[in-house]
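Working from the sequences, and respecting the hints, build out all of it.
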Amino acid sequence: PYVHAATEASAAVDMMRAVRDDFSLEHDVLINEQVFVTGYSQGGHAAMALHRELETKLGSEFHVTASAPMSGPYSISGVMREVALAEKEYFYPGFLPFTILGYQTAYGNLYDDLADVFKPDYLPMVQKFADEEIDLLQLNDFLVNTLIQNHGESVPRYMFVDSLINEVEFNPDHPFNVALRDNDVYDWAPQASTRLYYCMADDQVPYLNSVLADSVMNANGAPNVLAIDLDSDANHAQCAVPALTAGIFFFGVFQRIDAVTATTERDALPEVQLFPNPASELLFLQNLEEETTIELYDLLGRSVLRQTLAPGNHTLDVGGYERGTYLLRLKVGAREGVRTVLLQ
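Per my numbering, the sequence shown starts with residue 80, numbered consecutively.
Think of the hints as simulated: they come from the structure by calculation, not from any bench.
For each residue, glycine too, the CB sits at the ideal point set by N, CA and C.
Check before you lean on any hint, since a few could be wrong.
Said to hold, decoys possible - Now the in silico label distances, taken between C-beta atoms and shown as ranges:
| hint | residue 1 | residue 2 | range |
| --- | --- | --- | --- |
| 1 | 232 | 331 | 37 to 47 Å |
| 2 | 112 | 253 | 36 to 46 Å |
| 3 | 142 | 421 | 19 to 29 Å |
| 4 | 186 | 403 | 36 to 46 Å |
| 5 | 331 | 89 | 24 to 34 Å |
Printed below as a string of structure tokens:
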């Protein structure tokens, strides 16, 4: 079911066990014990649900190395409930019947008949969606157009039966509210390093989901959780590539490539010294034994510096770069090393 935390987590755990116990052996794929958790949009919600499951219930079986949920609806009973009930325009109302139908499948007690939930103008198409006769995009287009036709604006609450709205707003123990709370995935304290990537102009999943999760998780004692706005002007679709790129580079800091031959190394350039780190104006590279190509990447995956350096010691002027976390890739022939650089 859509944004149902328990089944999202259980499906992912089943997949992980299948990869570890069967697929990797059948296909001669080398894996280690590192676990990186990520996902975008609903996948962000699923990633958070999985991370919580692994740390709170399956810690003896799996160890999360790092986690990067992205633009997910972590606060189903708070931020996302407000989207459904507020008298504000929202152009993705199809997510609401998608969620309700999923929770009805999971819990079975949200309603006796869909006619108790949706007004007559909207009910037939919701039923078609439930019967898999139309897809989510078709349902959403119909709901937006019908809401605008009936009310002059796409306000999702107008498609719900008035008595249901009243009950959900004023009865915290209504089955809808109970189900929503059961699928919040932010009120805990991740122990693995966690980055919550989002974009402030997200038009589908409000950025407050990430800001709230950051606040609550840190208040709960999480040692290394940070929400990062990657682009304040990017909408949900535009945020995906920057988020995925940032997640890859974030995971690169922790990734360990285990030896599969006698010459494979995690950092093939251990002799190179890099200091100070964090740096502010100057960054010193020492002990380059051969001609070395260096490339500096920001957390959006953009290359901001590329040079080929002669053997010896070098000084890089980094004072003009935006403060933050960068990855420095060093390459000598087939040997590579990646270092995290903090500019402050």
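Tested hints:
1. 232 with 331: 37 to 47 Å: holds (45 Å)
2. 112 with 253: 36 to 46 Å: For residue 253 against residue 112, whose Cβ atoms are near 43 Å apart, the range 36 to 46 Å holds.
3. 142 with 421: 19 to 29 Å: holds (25 Å)
4. 186 with 403: 36 to 46 Å: holds (43 Å)
5. 331 with 89: 24 to 34 Å: Holds, since residue 331 and residue 89 (Cβ atoms, about 29 Å apart) stay within the stated range.
Hint compliance for this structure: every hint is met.
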